[in-house]
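Participant: Listed below, chain by chain, are the residues.
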Amino acid sequence: MADFPRIIDDRAASRFLVPREAFTSEATFEREYAAIFDRCWLYLGHASELAEPGSFLTRKVARRPILFTRDKAGEYHALFNACPHRGALVCRERKGAARAFMCMYHGWTFGSDGHLMSLPGSSGYPDGFKTDPQKQMVHVPRMERFGDFFFISFAADGEDLATYLAEAGDYLRLVSEHSASGMQIVGGTQEYAIRGNWKLLAENSFDGYHAACNHSTYLEYLKNANGALGATPLSGIAHDLGNGHAMVEYTAPWGRPIAHWVPLWGEEGKAEIAAIHAALEARVGSERAERIAHRNRNMVIFPNLVMNDIMAVTVRTFYPTAPGYMEINAWALAPREESEWLRKYRLYNFTEFLGPGGFATPDDVEAIEKCQQGYASGGDGLVNDISKGMNREDGALFDDEEQMRCFWREWDRRLAAVEA
Amino acid sequence: MMLVQIPDALLLRLAVEDLLFLEADLLDQWRLDEWLALYTPDAHYNVPPSDVDGDTADPDKALFYIADDHVRMRERVIRLNKVGAHSEHPRSKVRHLVSNVRVHREGDAIHARSSFIVWRSKDITSDAFVGHYLHRIIEADGGLKIASKTCVLDMEALRPHARISIIL
Ligand code: FES
Ligand SMILES: [Fe+2]
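Chains as they are written, first to last, in the working numbering: chain A, 94 to 513; chain B, 399 to 566.
Do not rely on the hints blindly, as some may be mistaken.
Just the calculated beta-carbon pair ranges, DEER-fashion [claimed, not checked]:
1) B:E504 / A:P234: 32 to 38 Å
2) B:G541 / A:L357: 51 to 57 Å
3) A:P226 / B:S519: 48 to 54 Å
4) A:P234 / B:I536: 54 to 60 Å
5) B:D416 / A:S470: 45 to 51 Å
6) B:S497 / A:A193: 20 to 26 Å
7) B:D456 / A:D250: 43 to 49 Å
Think about it this way: if two alpha-carbon atoms lie no more than 25 Å apart in a straight line, the pair counts; the simulated SDA-like pairs of lysine to any residue are [claimed, not checked]:
8) B:K543 / B:D449
9) B:K480 / A:G467
10) B:K459 / A:G329
11) B:K520 / A:F446
12) B:K459 / A:S211
13) A:K188 / A:S211
14) B:K543 / B:V499
No lab work stands behind these hints: they were computed from the structure. Even glycine gets a Cβ: it sits at the ideal position worked out from N, Cα and C.
Turn these sequences into a full structure, and let the hints guide you.
Facilitator: Have a look at this one:
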C-alpha cells in the first residue's frame, strides 16, 4: 500500500501537526476503510431499539447494509443485509417486527437468525441445498454488547470489545447509571450529512476550544436572552481513555436532566431534580453521583462513536462515503422512567444546541465545511496545528487539544499497521 | 350582468393563501422580525425528523430537528440577525414555493395543509427541502395569525443537507 500522510508528534517541542492531505486524499480514505472501519469495533445500536423479541432494524454501518434482529427467543443477530441467492437487499424496511424476511426478488425466505427457511421451486435444487451454509444470510463476523450498547466488527479476529473500549467502557457505564431502570433511545433520529471529512467531526465533537468563537451566538443566548441559567462556569480537563478514545469532562452553566437544576426549571422542577439527585446518590454513591449530576462529558470512542453527556445525552455516529463527505446519525438517550415534564426539557435542551436545526450545530457544520474548502488551496506540506496544551505540565484542559491528539495518534498507528 | 358567486370556502382559502405567500415572501427576503410578527405569542414552530410520522409526532416525546416555542422562535430570529450566526453569514439565497393549499375550519382554528419546496443556496451548496406544511391559524386583531407551523419533510433523511439554518 502507498504511503499515507503521517502526523508529527514531537512532545519535547510541544509540536503536533496533521497533514491536510489526511482529509483530502482518496488513497488515504481507502486505507482508512482497510485499517480502521474494517478492523475496529463499530457502534451498531442500542438494546432499547429492539425492545421486543421479533423486532428488527436496518442500518448502514461503514457503508455496509446491516440487518439487526432479535429472534423470538430474544437473541440478537447482526446480519449482512444481502441475499445469498443473487445479492438483493433482503429487508427493505427501516424497522418493524417480523417472523421472517422474504427477499422480494425470487422469494427466498429467511429467519431472524438468517437461516434459509424456504425457497420457491426447490425441486430445481439438489438435496441439502437449503441447509448449505453458503445459502444462509451471512452474520457480521463479530457482534458484542457492552451493557445495552451493541458493537460489531468486520474483522473475524482481534481483541474483544471490553478490551478495545479500555477506559471508555467505564463512561458507557456512567451514562447507563443515569437510570435505575435502564436507558432508552427516544424515538426520532437526526439523519444528516456534512460535506467535509469525517475526522473533522470527530475533532469537533469534543473541541472545547472553539465554543467561545464558533458558538458566540449560542453562549450569548444562554447568558442574556434566556437569563434563567445557573452561574456554573465552563471549566474542566481532558482524559486519555486509551486505544484512541478520549474525553473532555467539565462543568457548564446549562441544566442537566440528571441532575443539575437551573432557574429556568422553576421551584417545582427544583424539588424533582433534588429527588432525582438523592435517589442517584443512594444508588451509585456520592462520588459517582456528583460526576453524573454536575459534570458534562464529550467522548469520542475511536473511530466514530460520539457519546455526549451534556444538556441531554446524544449518541452519534458517522461514516465517510468519500474524503469530503460523511453521513451522520444522531439519537437521544434518556432514562426509561423519566417523567413527562423532564423528558420534555431534555428534548428541548437537545434541539436547542444539537442537531441540524439547533443554535450551535449549524455553525459546527459551517466550520467543518469551510475547513474542507480551505484544504482545496492545497500546497505540499500544509499542516493543521493540534498542539494546544501540549506545553502544560499538569495535564491538558478541556479547551486544549489533547483529546484530539489521542484520536490522531491512534489513527496514525492504525494506518501505519495495515498490511503494506 | 351576472357576478360569479365566490363560495365562502374559497374565500377562506384565498385569505389563508395570502398569509402563506406573505410568510414565504418575508422569509425569502430575510425580513425575519416581520415574519415573527405573523405568529401568536404562544406559537410553535416544529420540524420533525424523517423516521416518525411527522403529521402526528409530539416534540415532547420524540427527538425533532426543530421544536421551538415562541421564546425560541424569537431567539432564533435574534441569532440569525447576528454576524456570529456563521452558517447564515453571509446569508444564503432562499426561495420558498408554496402550493396545493387545502383549508378547513375546526372550532376557532383554521387548519391549512400545503406543499412546499424551499431552496437554500450558498457557495458550494444548493439544497432543496421538500415537504408539507401544517399551519394552525386563528383570527385575531381583525386578521389572521399563525398559532403553529409544522414543516413535515417528505424526504428520507436530511441528506446531503447538513443543516436547517434557515427558517423553512
Ligand atoms: S436475490 Fe434474493 S431470492 Fe433471488
Ligand atoms: Fe461545536
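Participant: Confirm or reject each hint.
Facilitator: Hints and how they fare:
1. B:E504 / A:P234: 32 to 38 Å: Distance hint for E504 of chain B, P234 of chain A is violated at roughly 56 Å.
2. B:G541 / A:L357: 51 to 57 Å: Violated - the Cβ-Cβ distance for G541 of chain B and L357 of chain A, about 33 Å, lies outside 51 to 57 Å.
3. A:P226 / B:S519: 48 to 54 Å: This hint holds: roughly 53 Å between Cβ atoms.
4. A:P234 / B:I536: 54 to 60 Å: Since P234 of chain A and I536 of chain B have Cβ atoms about 59 Å apart, the given range 54 to 60 Å holds.
5. B:D416 / A:S470: 45 to 51 Å: 49 Å, holds
6. B:S497 / A:A193: 20 to 26 Å: 43 Å, violated
7. B:D456 / A:D250: 43 to 49 Å: 46 Å Cβ-Cβ, so the 43 to 49 Å window holds.
8. B:K543 / B:D449: 30 Å, violated
9. B:K480 / A:G467: Since the Cα atoms of K480 of chain B and G467 of chain A sit roughly 24 Å apart, the hinted pair holds (cutoff 25 Å).
10. B:K459 / A:G329: 32 Å, violated
11. B:K520 / A:F446: Since the Cα atoms of K520 of chain B and F446 of chain A sit roughly 23 Å apart, the hinted pair holds (cutoff 25 Å).
12. B:K459 / A:S211: 41 Å, violated
13. A:K188 / A:S211: Holds, because 23 Å separates the two Cα atoms, which is no more than 25 Å.
14. B:K543 / B:V499: 17 Å, holds
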